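Trainee: In case you want the letters, here they are:
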Amino acid sequence: MQQGVSWEYLVGHANYWLFVLLMMTGLYIVVARGNFVKKVIGLNMFQSAVIMLYISMGKVAGGTAPIFPIHGEIDPATVYTNPLPHVLMLTAIVVGIATTSLALALIVRIREEYGTIEEQGIWEAEQEIAARERRQYGEVFGEGSQ
Amino acid sequence: MAVRTRSLFALAMLSGGFSLVSAALFVALDAVDVAFTEAAVGAGISTVLMLGTLALTSRYERAPAHKPWLPLFVVTVTGAALIYGTLDMPDFGDPNAPAMRHVMPEYLERIPHEIGVPNIVTAILASYRGYDTMGETAVVFTAGIGVVALLAALARRRRRGEEEES
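Just so you know, the protein sequences line up as chains B and Y, in that order.
Position one of the first sequence corresponds to residue 1 (our numbering), numbered consecutively onward.
Position one of the second sequence corresponds to residue 1001 (our numbering), numbered consecutively onward.
It should be emphasised that the hints constitute simulated quantities derived from the structure, not laboratory data.
Predicted model, so just to flag it, every value in this text is computed and none were measured.
Keep in mind that a hint or two might mislead.
Below, computed lysine to any residue pairings styled on SDA-like, alpha-carbon distance capped at 25 Å [said to hold, decoys possible]: (1) K39(B) - V1140(Y); (2) K1067(Y) - T64(B); (3) K39(B) - F1073(Y); (4) K39(B) - H1102(Y); (5) K39(B) - V1021(Y); (6) K39(B) - S1058(Y); (7) K1067(Y) - S6(B); (8) K1067(Y) - E119(B); (9) K39(B) - G1044(Y); (10) K39(B) - L18(B); (11) K1067(Y) - T116(B).
Looking at chain Y on its own, in the form it has when it is part of the complex:
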């Protein structure tokens, strides 16, 4: 439905609902930090941004001009390749999977006396991977500057355009 609908407003709402459902999925998978980030960012901010964009542009999509067979073929081939890639993966929830046996036990052992923060995700994010998080804030800051630079003069340009027309 989300693929075929041409009403962009419905699409924005569906994508917000999708974020909320995926947040519930993250809770089920024990990833509570990811779940509330997804609920706040995906279902909240992202939907607001979408609606703002729709208000500034248009609310309906034009009918597609060409047949969808080539994209369908490309997507099917890519999907088949990806599924072939998952055939060697460990089973879901397997405690002996390589991802669980590498550095994870060491983190669990060291965090209580090295950091002392009960939430392991917070401890890793803010302490062991602190530089990474700092780089992330730099990325967000840059994106914010980009948005401001693109939209700052929008109202002024619009006003000038209206004056020229009248």
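If we strip away everything but chain B, and leave its shape as in the complex, we get:
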């Protein structure tokens, strides 16, 4: 960094920046859109970006997939890509699909309970329930005139 920004530096870091862009797209969907299915997809995008970031950190230039030849000697000159990120990200993918399926099941349940899968719709339904309860119990608590 001290010797100024070179072309190699830019190319060597473009992968991280692309994944950050993808991650932020996912985060934007989660934060800005109200539909729950869409939020889950945004979360999945975020997760994929993290996985890609780790996998790209393990890549060695000129390396090959980390599998030894079955027959014959292992050539010490062969360069293998780092297998440790692959192992960790395999776990992450499987746990990710487990949480995604749980989230989708929750969405189905929410739809059954509220009749909507939008944040805004659930807020309106809650307001309605609160208003009804105020009407019902308002006299007991002394605020029935509202």
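Fit chain Y to the supplied structure of chain B, relying on the hints for placement.
Mentor: Positioned in the frame of chain B, the structure of chain Y alone reads:
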């Protein structure tokens, strides 16, 4: 496009395609095990689950109620912070990066005579990190129980609801 579309069906299809493309990217990055897990799980199971959810709920999104400026600002600041964090990272494909010099050479040296499985990823996943993988199956099992508990009585409740209405 995936951000703006309001048709959730198109969105589910796009996310399946995205998984397939990312699987191709993993092959290009030498991560073949991750690639076929992503293709099976991301493009296959996940898309099926999405479509099932859409069939049980609704297929269109309501128009957003508020302006997107605050989320855009939050996302821009977070992204800038993350990019600032990557400035010290090693270059892409650098064989002298810290991730390559720590325990990885030792694994490569020990796996052929300790485990004897040609696929290094399998050897680490099932042997050296066996407890971790067992914990992972516990997580998947718990999630499965959760899904069943949430959805098991769905059909019965629906039938009862229809009887009450009629």
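Trainee: Next, verify each hint and record whether it holds.
Mentor: Evaluated hints:
For the hint pairing K39(B) with V1140(Y), the CA-to-CA distance comes to about 21 Å; that is within 25 Å, so the pair holds. Among the hinted pairs, K1067(Y) with T64(B) is inconsistent with the structure: their alpha-carbon atoms are about 48 Å apart, more than 25 Å. For a cut-off of 25 Å, the pair hint linking K39(B) to F1073(Y) stands: about 18 Å separates their Cα positions. Simply put, K39(B) and H1102(Y) have alpha-carbon atoms about 38 Å apart, too far for the 25 Å limit, and the pair is violated.
Note on K39(B) and V1021(Y): the hinted pairing holds, with a Cα-Cα distance of about 21 Å set against a maximum of 25 Å. Of the supplied pair hints, the one linking K39(B) and S1058(Y) holds, its CA atoms being roughly 15 Å apart against a limit of 25 Å. Note on K1067(Y) and S6(B): the hinted pairing is violated, with a Cα-Cα distance of about 39 Å set against a maximum of 25 Å. Taking the CA atoms of K1067(Y) and E119(B), the gap is about 15 Å. The hint holds against a cut of 25 Å.
Taking the CA atoms of K39(B) and G1044(Y), the gap is near 19 Å; set against the 25 Å cutoff, the hint holds. For the suggested pair K39(B) and L18(B), the alpha carbons sit about 21 Å apart, so the restraint of at most 25 Å is met. The straight-line distance between the Cα atoms of K1067(Y) and T116(B) is roughly 21 Å, inside the 25 Å bound, and the hint therefore holds.
Going through the hint list in order, the structure does not satisfy hints 2, 4, 7.
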